[in-house]
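S.K.: Each residue of the sequence shown is one higher than the one before, counting from 1 in the UniProt record's numbering.
Among these hints, one or two may not hold up.
Unchecked claim - Straight-line distance between alpha carbons at most 27 Å, and here's what the computed DSS-like set of lysine-lysine pairs gives:
#1 Lys-33 x Lys-126
#2 Lys-167 x Lys-118
#3 Lys-121 x Lys-88
#4 Lys-77 x Lys-121
#5 Lys-33 x Lys-4
#6 Lys-126 x Lys-87
#7 Lys-33 x Lys-157
#8 Lys-4 x Lys-87
#9 Lys-121 x Lys-27
#10 Lys-167 x Lys-157
Stated by the list, open to error - Okay, the calculated beta carbon distance ranges per label pair:
#11 Gly-131 x Gly-86: 32 to 42 Å
#12 Lys-27 x Leu-96: 37 to 47 Å
#13 Asn-113 x Ala-35: 25 to 35 Å
#14 Lys-121 x Pro-97: 51 to 61 Å
#15 Ser-158 x Val-80: 23 to 33 Å
#16 Gly-83 x Ala-140: 49 to 59 Å
#17 Thr-154 x Gly-72: 45 to 55 Å
#18 Ile-164 x Lys-65: 33 to 43 Å
#19 Asn-128 x Thr-163: 18 to 28 Å
If you are wondering where the hints come from, they were derived from the structure by calculation, not from laboratory data.
Just so it is clear, CB atoms sit at the ideal spot from N, CA and C, and this is done for glycine as well.
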Amino acid sequence: MESKVLVIGAGPVGLMVALRLAQAGIKVDVIEKEASLSEEPRAVAYYAGALTSLQRAGLIEDMLKEGFETTGLCWRKPLVDDGKGGKKFGGIIARLPVPSETNEAHGIVGTLNLPQSKLLKLLFRKVNETGFVSIHFNTALTSIEQHADHVVATVVKSDTNTTIPIKASFLLA
1 MESKVLVIGA
11 GPVGLMVALR
21 LAQAGIKVDV
31 IEKEASLSEE
41 PRAVAYYAGA
51 LTSLQRAGLI
61 EDMLKEGFET
71 TGLCWRKPLV
81 DDGKGGKKFG
91 GIIARLPVPS
101 ETNEAHGIVG
111 TLNLPQSKLL
121 KLLFRKVNET
131 GFVSIHFNTA
141 LTSIEQHADH
151 VVATVVKSDT
161 NTTIPIKASF
171 LLA
């Protein structure tokens with residue numbers, strides 16, 4: 001197998017790199033050792049620097065459909081009885097306001113909140129829409145050989161236990 005660019009990992013960084021390369025008309029292969037995208041709860045808030053990159057990739061509008069904006073965070077004491085058989089939030093321990101100026105690059109005030117698993121699904125959909133990206137699940141990198149003008153990555157397909165060499169001009173991991 002040959003590839004112009006081989007990206008290791010279909011996490012948010014790998015898929016974002018693949019998307020930006022595809023938007024520039026560059027063919028990309030992404031290998032991911034897992035059988036599917038991660039559903040694990042991880043990052044949820046995206047700040048100015050990330051938002052600018054996400055805007056340039058054309059993702060903000062779709063992210064706002066599933067996420068929401070916030071202008072700060074607060075930490076609270078544990079839940080307390082509300083006197084009606086239920087619970088209510090405990091008192092505020094500390095507040096962390098986020099600067100309230102609207103960033104002209106992306107139009108977001110503060111942060112954009114969206115679970116990483118939802119961002120991954122959005123990135124996956126967007127890279128597939130480009131026609132320039134192929135994602136190979138159940139495929140683990142086992143070795144890399146550096147040559148003058150290319151690399152050869154050896155991967156193993158875990159579902160078939162097949163070893164495959166991939167020649168690529170560039171490898172990003």
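S.K.: None of the hints should be skipped; say for each whether it holds.
M.R.: Evaluated hints:
1. Lys-33 x Lys-126: 21 Å, holds
2. Lys-167 x Lys-118: Judged against 27 Å, a Cα distance of about 32 Å means the pair is violated.
3. Lys-121 x Lys-88: 34 Å, violated
4. Lys-77 x Lys-121: 34 Å, violated
5. Lys-33 x Lys-4: Cα-Cα ~20 Å, so holds.
6. Lys-126 x Lys-87: Answer violated: Lys-126 to Lys-87 is near 41 Å, above 27 Å.
7. Lys-33 x Lys-157: Judged against 27 Å, a Cα distance of about 8 Å means the pair holds.
8. Lys-4 x Lys-87: Status violated; Cα separation ~57 Å.
9. Lys-121 x Lys-27: 20 Å, holds
10. Lys-167 x Lys-157: Roughly 16 Å between the alpha carbons, so the hint for Lys-167 and Lys-157 holds.
11. Gly-131 x Gly-86: 32 to 42 Å: Since Gly-131 and Gly-86 have Cβ atoms about 52 Å apart, the given range 32 to 42 Å is violated.
12. Lys-27 x Leu-96: 37 to 47 Å: 43 Å, holds
13. Asn-113 x Ala-35: 25 to 35 Å: 28 Å, holds
14. Lys-121 x Pro-97: 51 to 61 Å: Given about 31 Å between the Cβ atoms, the range is violated.
15. Ser-158 x Val-80: 23 to 33 Å: Once the Cβ atoms are compared, 49 Å apart, the range 23 to 33 Å for Val-80 and Ser-158 is violated.
16. Gly-83 x Ala-140: 49 to 59 Å: 56 Å, holds
17. Thr-154 x Gly-72: 45 to 55 Å: 48 Å, holds
18. Ile-164 x Lys-65: 33 to 43 Å: 38 Å, holds
19. Asn-128 x Thr-163: 18 to 28 Å: 26 Å, holds
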